[in-house]
Amino acid sequence: MTHHEPAGAALAEPASPPGVSPRVREILSYYPSESPGVQASLARLLGHGRLGGTGRLVILPVDQGFEHGPHRSFAVNPPTYDPEYHPRFALAAGMNGYAAPLGFIEAVAGNYAPHLPLILKLNNHDLLYDDDDPLPAVTGSVEAAVRLGCVAIGYTIYPGSAHRVEMYETLQFLAEQAKSAGLAVVVWSYPRGSGIDEKEGETALDVVAYAAHLACQMGAHVVKVKLPSDYLFQDKAKKVYEDLEIPRETVADRVRHVVQSAFDGKRIVIFSGGSKTSAEAFYDDIRGIRDGGGYGSIIGRNTFQRPWDESLEFIGKVIDIYADEA
Amino acid sequence: MTHHEPAGAALAEPASPPGVSPRVREILSYYPSESPGVQASLARLLGHGRLGGTGRLVILPVDQGFEHGPHRSFAVNPPTYDPEYHPRFALAAGMNGYAAPLGFIEAVAGNYAPHLPLILKLNNHDLLYDDDDPLPAVTGSVEAAVRLGCVAIGYTIYPGSAHRVEMYETLQFLAEQAKSAGLAVVVWSYPRGSGIDEKEGETALDVVAYAAHLACQMGAHVVKVKLPSDYLFQDKAKKVYEDLEIPRETVADRVRHVVQSAFDGKRIVIFSGGSKTSAEAFYDDIRGIRDGGGYGSIIGRNTFQRPWDESLEFIGKVIDIYADEA
Amino acid sequence: MTHHEPAGAALAEPASPPGVSPRVREILSYYPSESPGVQASLARLLGHGRLGGTGRLVILPVDQGFEHGPHRSFAVNPPTYDPEYHPRFALAAGMNGYAAPLGFIEAVAGNYAPHLPLILKLNNHDLLYDDDDPLPAVTGSVEAAVRLGCVAIGYTIYPGSAHRVEMYETLQFLAEQAKSAGLAVVVWSYPRGSGIDEKEGETALDVVAYAAHLACQMGAHVVKVKLPSDYLFQDKAKKVYEDLEIPRETVADRVRHVVQSAFDGKRIVIFSGGSKTSAEAFYDDIRGIRDGGGYGSIIGRNTFQRPWDESLEFIGKVIDIYADEA
Amino acid sequence: MTHHEPAGAALAEPASPPGVSPRVREILSYYPSESPGVQASLARLLGHGRLGGTGRLVILPVDQGFEHGPHRSFAVNPPTYDPEYHPRFALAAGMNGYAAPLGFIEAVAGNYAPHLPLILKLNNHDLLYDDDDPLPAVTGSVEAAVRLGCVAIGYTIYPGSAHRVEMYETLQFLAEQAKSAGLAVVVWSYPRGSGIDEKEGETALDVVAYAAHLACQMGAHVVKVKLPSDYLFQDKAKKVYEDLEIPRETVADRVRHVVQSAFDGKRIVIFSGGSKTSAEAFYDDIRGIRDGGGYGSIIGRNTFQRPWDESLEFIGKVIDIYADEA
Amino acid sequence: MTHHEPAGAALAEPASPPGVSPRVREILSYYPSESPGVQASLARLLGHGRLGGTGRLVILPVDQGFEHGPHRSFAVNPPTYDPEYHPRFALAAGMNGYAAPLGFIEAVAGNYAPHLPLILKLNNHDLLYDDDDPLPAVTGSVEAAVRLGCVAIGYTIYPGSAHRVEMYETLQFLAEQAKSAGLAVVVWSYPRGSGIDEKEGETALDVVAYAAHLACQMGAHVVKVKLPSDYLFQDKAKKVYEDLEIPRETVADRVRHVVQSAFDGKRIVIFSGGSKTSAEAFYDDIRGIRDGGGYGSIIGRNTFQRPWDESLEFIGKVIDIYADEA
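Chains as they are written, first to last, in the numbering used here: chain A, 1 to 326; chain B, 1 to 326; chain C, 1 to 326; chain D, 1 to 326; chain E, 1 to 326.
The reader is advised that the hints may include incorrect statements.
You can't tell identical chains apart in this list, so a pair holds if it fits in one copy or across any two.
[To be verified] For lysine to any residue, the following SDA-like pairs were computed, each having C-alpha atoms within a straight-line distance of at most 20 Å:
#	residue 1	residue 2
1	Lys199	Leu127
2	Lys266	Glu310
3	Lys239	Ser275
4	Lys276	Pro134
5	Lys236	Pro78
6	Lys199	Asp130
7	Lys226	Asn302
8	Lys317	Ser180
9	Lys226	Pro307
10	Lys226	Glu200
11	Lys239	Ser272
12	Lys266	Ile27
To be clear, the hints were calculated from the coordinates, so they are not data collected in a lab.
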């Protein structure tokens, strides 16, 4: 089969500039249509922290105050009420970047934007009103991301919600604007709403793979999904998995399938979630992500709801797993 | 009758420039109000591939990952998860162009836009939420089509849906924008929704002809409809077909009627679908399209769900039928 | 009473430029606030064809393919599927202008705009989905009308529809845009929808007069209404007609009343419809329009559903009636 | 109490320019934040006609053709179908200005804008569809008011309607635009809709006072309300009126209260309505408005539904009352 | 723990310019991403009046005429109908600033903007129509705030309302616009609507803390909430308060918790409300706010519904409490 050779294979490729990671260069080659500005933003995210240059990422998201309330998020570890806690931690732990809503980013960007890749989370949802078909509010803008020195915008879609069309269309608008401003686009793709009428459908393998693919098709550079279970939700999809015997037993199997659904690995896919039974079980999930070809993790409450030193160690271990490839 | 002579018949027409297909020139004359930019885009689509210059087209659309999920689309032929597979195939098979949503186009435009006519499909619909009156989300933009070097935008309308007004108005806006950017406009016109309250109404001859006409009236340069059956859906239309004895027995009869409804053949109409019983039956449908005056086909799953070599042969045969006029 | 003398009566009026129709000059004086560009567009429409300079108009509208389907519109006279048929006919018959949706105009404007006044119909409604409170879709734009060399935009409102506010507001926007581009504004004012809960209310005299007045108040230069019956629909209006003994027995009486409601004859009002019992009865209706002070007719299916030669004769006779004033 | 001295009392005020009315100067001082353009427009309205310079106004509004139909408005006095009738009358009678929808203004602005202050009524409502929570359509624009040489825009709000938010927000947008174009803003504030669930609530004193205050808070320069009755509608408001023994027996009492609610008399408030029992009773209402500190009247049907000469006398008498202060 | 040192601690800080309050400088350092224009606006608000330089604020809001009607607001103290009363009082009493809707600000800005910090309240709600899920109307604009010389915009959100998404998104838009115009953003965050299905939930401690956090995350510089009770509303939040034994007995305890939820005190939080039993009880609440680290108060009816002299004394006492820190 000849169709798998890269398009420009016959061309002599220029030698890698000194100090540039070949893996990062390869990843950037998956985005051949992006401007130098967008490529530079992706490179900055991939180049920062202890995993810089490996092509792996561990990102710190702190939008839980908005999503669940400040008490449920920060009271267990009161220093985390301070917006400065989080970027300081991300720097100290060598994470790749920090994602948060407008207020938290504004409170720190003036001091941290030069030192840490920042991701402005543009839409958010709160629990003072909740409905079955959630629609997050747009609470930030590309203009704000630019003035705050961010490398990327973040945006959540809920495939399965009755309001998905509005979410997708707003993403389209914001992503196009972001790209023309040289920013990367990170999409949280969380199936939810009345189209997914079983709770376990939200993390079903077929659904997560579909959600990852949708985000990629909508122009995301980085996609964030939940670690999938081995459950299958859609009847027509189920038939395909069973007929073709697609492996889904291990975490690595399932991650591999999701990564494949994300343009055969040509989009950066990172995962949230992981076993809550013990730190060791959590590390095993990280190993599964790594072995299945996942690009990394986004870890929020597991980071900041532990005390600073314990968390430094915990995240350090996660980074070790990704870095050592072991 | 004098009314059938072309408007400028008395004028001496300039000789055809060397190497320019007279049929393509004739087709372009059906678009007398378009700018040189739009005419150039149409010419590029009509000029590419093995059918270049014949006035016939075979286009590869790959939006099924979005529409039905990646598993149902690509798992049967895993190399197709890779966004680069499809434009490579279209080039190898000598197809006229490649149409896909934003993500798939972005993943390849940087390498393929100079070599293959690309069509950015601007709206899409997924099945994680489905309703009786579908409304696809706009997931791309004319600005994106321009920066990605596309020759055309693609847009789906669902006449018969309760949301048709929104779809039509968005098409109006995007088409006007596309034309002023020198892009061609390809419209998928699929009757569907609560206005078509029988499944077989969606491919009824009267409905498909009406849908083709609507797309033309909304300014489409290229219209894509499903191959119609001989069923009639609307009572008032049925009476007309029966009173006037409009032929509808063969595929060619029905295609001829649809083409006539598309400005008497002065708009490019291409067809999807075809018999699933066997490849030979499918080829017969292609012959019917050709003999009825259809401009060509748009073939997705029938292309990429076969292995590369088998598909090359299958599509090759389709192109042969259109090219040989036999 | 002194209030009926024209405002500038004391001023010496400049002599009519050579070759300029005094009646057209008078009509243009009813639009004293319009720019020279808009006045020129109105003058072009009033100056074209066999009725040029008389202040009367007969316009050819071909939007029935969109509104009712191509089969019900064109199959009875197949050459009419060809978009070029219609402007050729309008030219041959000496009609004042040709109105159609975007696609039909785009298909001919490049060849016909210099020779025939074109009206781009900006909104349209189809029957693949129908509801009691119709809302036409905007399927064209002022930008398109300008690039296509049109003299006017056309727009339909349905007073009585639950969606009337959206229609009126879109008209306001498009009309203002059109005027600033030097285009005239033609409004089809068709009472319809749940506010008019009897079918015969749609052509009731009080309703048609109200509809004509509304279009004038919304800034229309030319208003198109249906020929009214002598029925009265609104109770409060009925009382007025009966108390004041407003004549409504003959077509001429009713047309006179509608024309009066259209700014006392200072807006161009044209009529569609007419008796279907025989050509002679239809001509009698035309005479009624003429004698009641109507500005003319807009005749679609009665034009193009007859064979070319028969239609030439039929429309010729209508024009004779308007031209000969007999 | 020191707080009632004017803010700049200590400053020497420049002497009044020759020929400038001190009362008009005082009124203009209530609008200290407005540009010279807006102040000039207000001054033009206050300076025109027989009441010019007195600080009182009588305005002619003719939007009844739109609101109730041409028959119910004009048939009783047929010359009023002619759009030119109304500004001629306003000039002849020495009224301050003329307010009408787009069509009526366009029909005369080219001749009358230099001679008579014109107010373009930007939103309107018709009765071919009526609902309990009315939403008028925006049928004009600030751009139109500018090109038509108007001194002000007019806009109706219906506090109490379920659609009030949309009305208020559109007013905000249009008023801001008008002010930046140097136009004054006249607001018709008519409580109506399901929030006012008794008919007599619409003219209740508490409701009218509230409506006047709302219009002022939304930035109106001139507010138009209905002459209130002594009824009280809101329970909580009722308690205040009774506890504080706010006088509401006479027309003058009630007008005084409304004027107080309109920024303590620092906004121009004019009244519509008045007794229908006899002309004399109507004049008494005018005296009540005058004595209560109202700025004047807006009189439509009472003007144009009387024959020209009778109406000249009737309006003349109203103006006398305001002018003579007797 | 090292994470609590300020980010730029190692840098030598420039000496405080002469006359600049160190506390104000510290507060401004909490907004490191804001432009000099925004910082200057905040400094102006913090620098004005008797509390200028202390970092505490007492603000006068007068939007009650819009929110509850002029009678219920002003009749008890009639001079307050006059828009000039309020800024004169704020100046006389040494308050930090004055907030009101468009009309009240327009009526005074031309005279007072140079002397008193003005806050234009951009959205408002009235009671002529009331519903369970309120949506205030936007009745002002950033452009107006700029032309009126204001230092800030004010905006109300109702977390818990079914319309919260629209409110949040409008806030995002207006806040971004305000910041680029150098204005500060003051957000009234009032939980209300069907998401808070108990009246006492609106002032529950967990809800008020959540509401304050939401406003901060949406980019507010100054947040205004109601003084919370010790009630807990959300079940999941309740569990946190009880498990972690978060103190909530005294006003100071509760204010401290809200201030912590507002970015650990790095956003200016001010409180409305206070005991209605006596002035002394009210002063105790003020002491509670002060001792809990609240930045100050916003006091409307308690200010202007008392006679001028009594109110001067009352507000004077409140300011004394904040100023003396005793």
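Against the structure, the hints come out as follows:
1. Lys199 to Leu127: Both. Shortest intra-copy (18 Å) and inter-copy (17 Å) distances satisfy the 20 Å Cα cut-off.
2. Lys266 to Glu310: neither (35 Å within a copy, 26 Å between copies)
3. Lys239 to Ser275: Cα proximity of Lys239 and Ser275: none, with 28 Å in one copy and 23 Å across.
4. Lys276 to Pro134: Result: close neither inside a copy nor across copies, 26 Å intra and 40 Å inter.
5. Lys236 to Pro78: between (48 Å within a copy, 18 Å between copies)
6. Lys199 to Asp130: Both: 16 Å inside a chain and 18 Å across chains, each within 20 Å.
7. Lys226 to Asn302: within (14 Å within a copy, 33 Å between copies)
8. Lys317 to Ser180: neither (37 Å within a copy, 43 Å between copies)
9. Lys226 to Pro307: neither (25 Å within a copy, 32 Å between copies)
10. Lys226 to Glu200: within (12 Å within a copy, 37 Å between copies)
11. Lys239 to Ser272: neither (27 Å within a copy, 25 Å between copies)
12. Lys266 to Ile27: within (7 Å within a copy, 40 Å between copies)
In terms of the numbered hints stated before, the structure departs from hints 2, 3, 4, 8, 9, 11, listed from lowest to highest.
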